[in-house]
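Chains A and B supply the protein sequences, listed in that same order.
Read in order, the letters of the first sequence correspond to residues -7 to 417 in the working numbering.
Read in order, the letters of the second sequence correspond to residues -7 to 417 in the working numbering.
Calculated directly from the structure, the hints in this document are not laboratory data.
By construction, the Cβ of each residue, glycine as well, lies at the ideal position given by its N, Cα and C atoms.
Just to be clear, a hint being listed does not mean it is correct.
[Stated by the list, open to error] Result set (DSS-like, lysine-lysine): computed pairs, CA atoms no more than 27 Å apart in a straight line:
| no. | chain 1 | residue 1 | chain 2 | residue 2 |
| --- | --- | --- | --- | --- |
| 1 | A | K360 | B | K99 |
| 2 | B | K220 | A | K42 |
| 3 | A | K384 | B | K99 |
| 4 | A | K338 | B | K314 |
| 5 | B | K192 | A | K384 |
| 6 | A | K240 | B | K107 |
| 7 | B | K220 | A | K384 |
| 8 | B | K88 | B | K(-6) |
| 9 | B | K96 | A | K360 |
| 10 | B | K95 | A | K192 |
| 11 | B | K358 | A | K136 |
| 12 | A | K384 | B | K(-6) |
| 13 | A | K384 | B | K313 |
| 14 | A | K108 | B | K108 |
| 15 | A | K192 | B | K96 |
| 16 | B | K192 | A | K152 |
| 17 | B | K110 | A | K251 |
| 18 | B | K88 | A | K338 |
| 19 | A | K244 | B | K158 |
| 20 | A | K214 | B | K100 |
| 21 | A | K192 | B | K(-6) |
| 22 | B | K313 | A | K340 |
| 23 | A | K229 | A | K214 |
| 24 | A | K384 | B | K108 |
| 25 | B | K110 | A | K384 |
| 26 | A | K214 | B | K314 |
| 27 | B | K108 | A | K240 |
| 28 | B | K313 | A | K244 |
| 29 | A | K42 | B | K96 |
| 30 | B | K384 | A | K260 |
| 31 | B | K100 | A | K50 |
| 32 | A | K360 | B | K220 |
| 33 | A | K214 | B | K313 |
| 34 | A | K240 | A | K226 |
| 35 | B | K99 | A | K267 |
| 36 | B | K267 | B | K314 |
| 37 | A | K340 | B | K152 |
[As the list claims (entries may be wrong)] In silico contact screen, one side only, chain B against chain A (beta carbon under 8 Å); selected entries:
| no. | residue |
| --- | --- |
| 38 | Y(-3) |
| 39 | S41 |
| 40 | T45 |
Chain residues, written in single-letter form:
2 protein chains.
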Amino acid sequence: MKHIYCEIITIGDEILYGHILDTNAQWISQELDKIGITTKKRTTIGDNSKDITNVLDKSLNENELIILTGGLGPTNDDITKNCLNNFFGGKLVTDKNTLSHIKKIFKKRNFDFTKKNKDQARIPDNCIVLHNQFGTAPGMAFQKDNKLIISLPGVPFEMKSLFTNKCVGLIKNKFLLPFIYHRTIKTIGIGESWLSDLIKNWESNLDESVSLAYLPSLGRVKLRLTGKGDNLEKIKKKINNYEENLLKIIQKYVYGFDKEELESSIGKLLIKKNKTISFAESCTGGFISRMITSVPGSSQYFMGSIVAYSNEIKINNLNIKKENIEKYGAVSREVAEEMAKNVRQKFKSSIGISTSGIAGPDGGTKEKPVGTIWIGYSNKNKTTSKKLILTKRRDINITLSAVNALNQVRINLESNSKGNRHSSK
Amino acid sequence: MKHIYCEIITIGDEILYGHILDTNAQWISQELDKIGITTKKRTTIGDNSKDITNVLDKSLNENELIILTGGLGPTNDDITKNCLNNFFGGKLVTDKNTLSHIKKIFKKRNFDFTKKNKDQARIPDNCIVLHNQFGTAPGMAFQKDNKLIISLPGVPFEMKSLFTNKCVGLIKNKFLLPFIYHRTIKTIGIGESWLSDLIKNWESNLDESVSLAYLPSLGRVKLRLTGKGDNLEKIKKKINNYEENLLKIIQKYVYGFDKEELESSIGKLLIKKNKTISFAESCTGGFISRMITSVPGSSQYFMGSIVAYSNEIKINNLNIKKENIEKYGAVSREVAEEMAKNVRQKFKSSIGISTSGIAGPDGGTKEKPVGTIWIGYSNKNKTTSKKLILTKRRDINITLSAVNALNQVRINLESNSKGNRHSSK
């Protein structure tokens, strides 16, 4: 089976100069990946016919499929259509279906129909017209030297609809494609290089039809396994086997798979264990609550939080002993544990979590430098805490503290369940 | 003055295949624009040395400046460094400063130091090493045929810090650039098209050396004025004049300028007015607190918050009257105002702000559809509230509610000061 490569070409000054973020190219890459086409390159250029022609010319030497987006609007800076027409040596002719579609749209919105809009219905006579039900600019598909070149509008929802409803069929008709299968295993509490060392032997046994990618973010690393071949069931089975062996090594760091996020995986765990949670946040300033409540339905397990930023509020509203703050400081094991315990009792939740630390950039001392964070954990049986030494950067410290706090929930709930399993044997 | 063109090359399978969104290229385009360099092309390729070499080779023919990001990590799929080393004919040698920096990071975090980490300190001997204070992979700058090629890590905060602190200086030293002066005026509480209508006449008077960009984000629109020329003082003066006239029209929507964020501008306003603040957050789930505490030194004016997600906590910990929740519902003027007032009194702050709403995607009714939000505001003289009808999308509703709540603080504090000014006349 011949490997099919694609280049995605994004056209538009507003993307190139960074005025808007290009989300189209990412989306198209993902969709191509699903049907077994490898994106070989992505290119962004401005609304400039010389650049469009150059890039197209080079790309045709390297790829079987080219997908262009953007530059099909009615204004003067939209030149993609004319450029493609010249490139493929066609002639612009009025497409009757497109013209009546555009007229219909204008009538419905009560807009004036100008010459520019009428021009949008003039399409190269040597392309397949891809009817755009949501907008005035149709997509176009050209063929040259057994290659397929597709031009789509840049407006994301128009592009997506055209791609899904028109392009996927065209592409599958044109090329014989392999099957692709991805599996992402998401870890927390272990850095990229340790993880890499830990799974070195396992990794070296991956066969060549399977690839592994490390995708790190703050406090977390995702491992993505990708298999490719002509038999989907075989690939899935192979990847499943690799995953099984991988989990034997790294299970305790795994919080989820594929699209599962940390905050929703913690939510599911709380529901599964029939637990509720509340937070006493100092240095994280509400960020843990914000993460947890970003998940729809979190009111099922999240009771609420006290963001106890000032010592006064720690004392008056979280009932932290004043003498503990005076003796140990607010950033201490004693105060963090008291905060976790008290918020749990106050809010009548199964679990209480606290954070107290010096997020920075100021406020550090020699004994407690910026980045010193205590995370407290309390349930009805025990109250514990953990000290972290993080960075000098406030935003990173806040994020890492929040991620770490959620990881404490995971570790405690999962070790609980292991305990239960053992005791039920 | 020769025009300087740049290509931005993003390296990484995870970007190319669409597993993560490339925000780096957009950010770099914007930063280059600020110093008068035009992004000519952006290219994304995988972790593949042939592709890297090919793209680099072509790019050197077309651009004076090339910026690469990604592929500098410690794992096997990170090949950018070796590739550049071969391309520029260098030799990898251990960079002592980088090695001791990496060792320091590892020691501090109490991590094992592996061979892979040590290898990160091996750098081509023909590049300028760009010290990366936030990570283990340094940036590198090469020169060839009077062109500048810079390689940066892909982790956004490491890349940004290196770009701002090391690259801008290098680039400005290397090339003769025009003077560019930007002034950004940040508005809140008015949509893009209304704003555009409001300032139409002013905008039509801008001369051709000055450009205006509308940069909208949720609940806010930034207006960026850019002037370009060979005399910085002249440009500044011109832009200042335009700004003065603009402010006469839109002053009441303006919360800040240039890099000022909404959360820090509210902080400054609170300090100026000698006020403290606390929040009772329901539908925003901690997001307002998180925004406010993202600002260093916010403990000066932020007392704390209660994230009262459940009605139980609203009743038991915010002292909301149970009969009000039963009679009006938690999402109501009455409850929002009570929440704002009670949190202010409980936390002894000058101002109390509350949010109560249906963030979605579920939980809406005919009378109170998803997106119905109440914002409460309370100071010692008055307690008021405002109803918002937002969208169907949870994430957007949470953000817009938080932004709107902070805008209430701004409007109230600023109208206060106007009142004072009038009464002192």
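Margin query: Holds or violated: K192 of chain A and K96 of chain B, Cα atoms, limit 27 Å.
Written below: Distance of about 25 Å is within 27 Å: holds.
Check: Has the given pair, K96 of chain B with K360 of chain A, been kept, meaning a C-alpha gap of at most 27 Å?
Finding: holds (18 Å)
Check: Taking only the CA atoms, is the gap from K244 of chain A to K158 of chain B under or equal to 27 Å?
Finding: violated (40 Å)
Notebook entry, point to check: Is K110 of chain B within 27 Å of K251 of chain A, Cα to Cα?
Noted result: violated (33 Å)
Next item on the list: Take a quick look at whether K313 of chain B and K244 of chain A sit within 27 Å of each other, Cα to Cα.
Entry: With a Cα-Cα distance of about 45 Å, the restraint between K313 of chain B and K244 of chain A is violated, given a limit of 27 Å.
Item checked: Hinted pair K384 of chain A and K99 of chain B, Cα distance within 27 Å -> At roughly 15 Å apart (the allowed maximum being 27 Å), K99 of chain B and K384 of chain A satisfy the hint.
Checklist line | Restraint status (C-alpha distance of K338 of chain A to K314 of chain B at most 27 Å) | finding: holds (18 Å)
Next item on the list: Below or equal to 27 Å on CA atoms is what counts here, so check K229 of chain A against K214 of chain A.
Entry: holds (21 Å)
Margin query: Holds or violated: K108 of chain A and K108 of chain B, Cα atoms, limit 27 Å.
Written below: Between K108 of chain A and K108 of chain B the Cα gap is close to 59 Å, so the pair fails against 27 Å, i.e. violated.
Check: Regarding the pair K358 of chain B and K136 of chain A, is the alpha-carbon distance no greater than 27 Å?
Finding: violated (55 Å)
Next item on the list: Starting from K360 of chain A, check that the Cα of K220 of chain B is at most 27 Å away, please.
Entry: Violated, because 48 Å separates the two Cα atoms, which is more than 27 Å.
Note to self: Run the distance test for K110 of chain B versus K384 of chain A: straight-line Cα separation, threshold 27 Å.
What the structure shows: Given pair K110 of chain B, K384 of chain A holds - Cα atoms ~23 Å apart, limit 27 Å.
Taken one by one, the earlier hints fail for this structure at numbers 5, 7, 8, 11, 12, 13, 14, 16, 17, 18, 19, 21, 26, 28, 29, 31, 32, 33, 35, 36, 37, 38, 39 and 40, listed in ascending order.
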